[in-house]
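Q: Given the sequences, and given the hints that come with them, work out the whole structure.
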Amino acid sequence: MFNNKTILITGGTGSFGKQYTRTLVSRYNPKKIIIFSRDELKQFEMQQEFNGYEMRYFIGDVRDVERLRQAMRGVDYVIHAAALKQVPAAEYNPMECIKTNIYGAQNVITASIENEVEKVIALSTDKAANPINLYGATKLASDKLFVAANNMTGERQTRFSVVRYGNVMGSRGSVVPFFKKLIADGAKELPVTDLRMTRFWITLQQGVDFVLKNFSRMHGGEIFVPKIPSMRITDLVESLAPGIKIRVIGIRPGEKLHEIMCPADDSHLTLEFNDHYVIRPSIIFNQPVDYRENRLGEIGEAVSQGFEYNSGTNPIFLSVDQLRELNY
65 MFNNKTILIT GGTGSFGKQY TRTLVSRYNP KKIIIFSRDE LKQFEMQQEF NGYEMRYFIG
125 DVRDVERLRQ AMRGVDYVIH AAALKQVPAA EYNPMECIKT NIYGAQNVIT ASIENEVEKV
185 IALSTDKAAN PINLYGATKL ASDKLFVAAN NMTGERQTRF SVVRYGNVMG SRGSVVPFFK
245 KLIADGAKEL PVTDLRMTRF WITLQQGVDF VLKNFSRMHG GEIFVPKIPS MRITDLVESL
305 APGIKIRVIG IRPGEKLHEI MCPADDSHLT LEFNDHYVIR PSIIFNQPVD YRENRLGEIG
365 EAVSQGFEYN SGTNPIFLSV DQLRELNY
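Numbering-wise (the numbering used here), the sequence shown opens with residue 65 and increments by one.
Keep in mind that the hints were calculated from the coordinates and are not lab data. C-beta atoms are modelled at their ideal positions from N, C-alpha and C, and glycine is treated no differently.
In silico lysine to any residue, SDA-like type, Cα no more than 20 Å apart, as pairs: (1) LYS69 - ASP273; (2) LYS69 - ASN93; (3) LYS277 - ILE363; (4) LYS69 - GLY116; (5) LYS291 - THR377; (6) LYS163 - ASP128; (7) LYS244 - GLN386; (8) LYS277 - THR87.
DEER-style ranges, computed between Cβ atoms: (9) GLY250 - ILE313: 16 to 22 Å; (10) GLY138 - GLN369: 42 to 48 Å; (11) ALA251 - ILE315: 20 to 26 Å; (12) PRO152 - ARG260: 15 to 21 Å; (13) ILE315 - ARG359: 40 to 46 Å; (14) ARG137 - SER238: 31 to 37 Å; (15) ALA251 - GLU180: 49 to 55 Å; (16) PRO352 - GLY307: 56 to 62 Å.
A: Put into structure tokens, the structure is as follows:
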């Protein structure tokens, strides 16, 4: 569905945007891929790898709705990956996080509707489910904006959905590169916030493939959640540096012991499919949709009341050996 189409990726110079671009050019023949981001150095560096005829690079910030309007002219699909994502930084700089993650989300919606973009998928995070930190709260607000946007389109056909998943293995600023650098620098111990901590774990390519497929699945208004394994932070440390000493440093500002992707409070809205869950919108749209069957013909079933998809109670955990295989 991406052949001869124009795709715009906000925050496109990040880990996700690069892998999404790599996948698009290897599997499809897109008309244009527009990388929209605010960092000229990262765009310059990305151009060294991706310099084909289909590539376009736009300097811009999602806080600037006029620039988004210009960038989205003639665009068919949008992936909204731009966000301020560091939990402690958001706690100390709350308004900056709000400007990018909430106001920026609304700007993407406005520009998409005005340019009659066909489909938009916004990337979310497990931290948006029952959030306890500002980053998660802003992403929850963003999720709500994108879901409700399907009622703002009027006669236009633009549709909006959300993809929510957990920690991306090895992404920029995540724990694996941090631990690897400490190990390479000769560290005799690794800092861990709490020995009980668990996280959902997904590879970058798995995240990209999930988003790609959901463009075909989506009606508009869904929050898509993949079924993925969990990992224990202690197992991650062991996989990277067997036998190394752990130094417990305590929970950071806004951090959880375990993450949730489908809250129990949304169980009445949640459908289970073969390899993913869908959280239906809590609001009623102008045109009713039966989300039990997606556009690929896959059928979902309602989960039990009180169901919660939690990294601590997830039935699937990666072993030390599996983590080691993934991380090297």
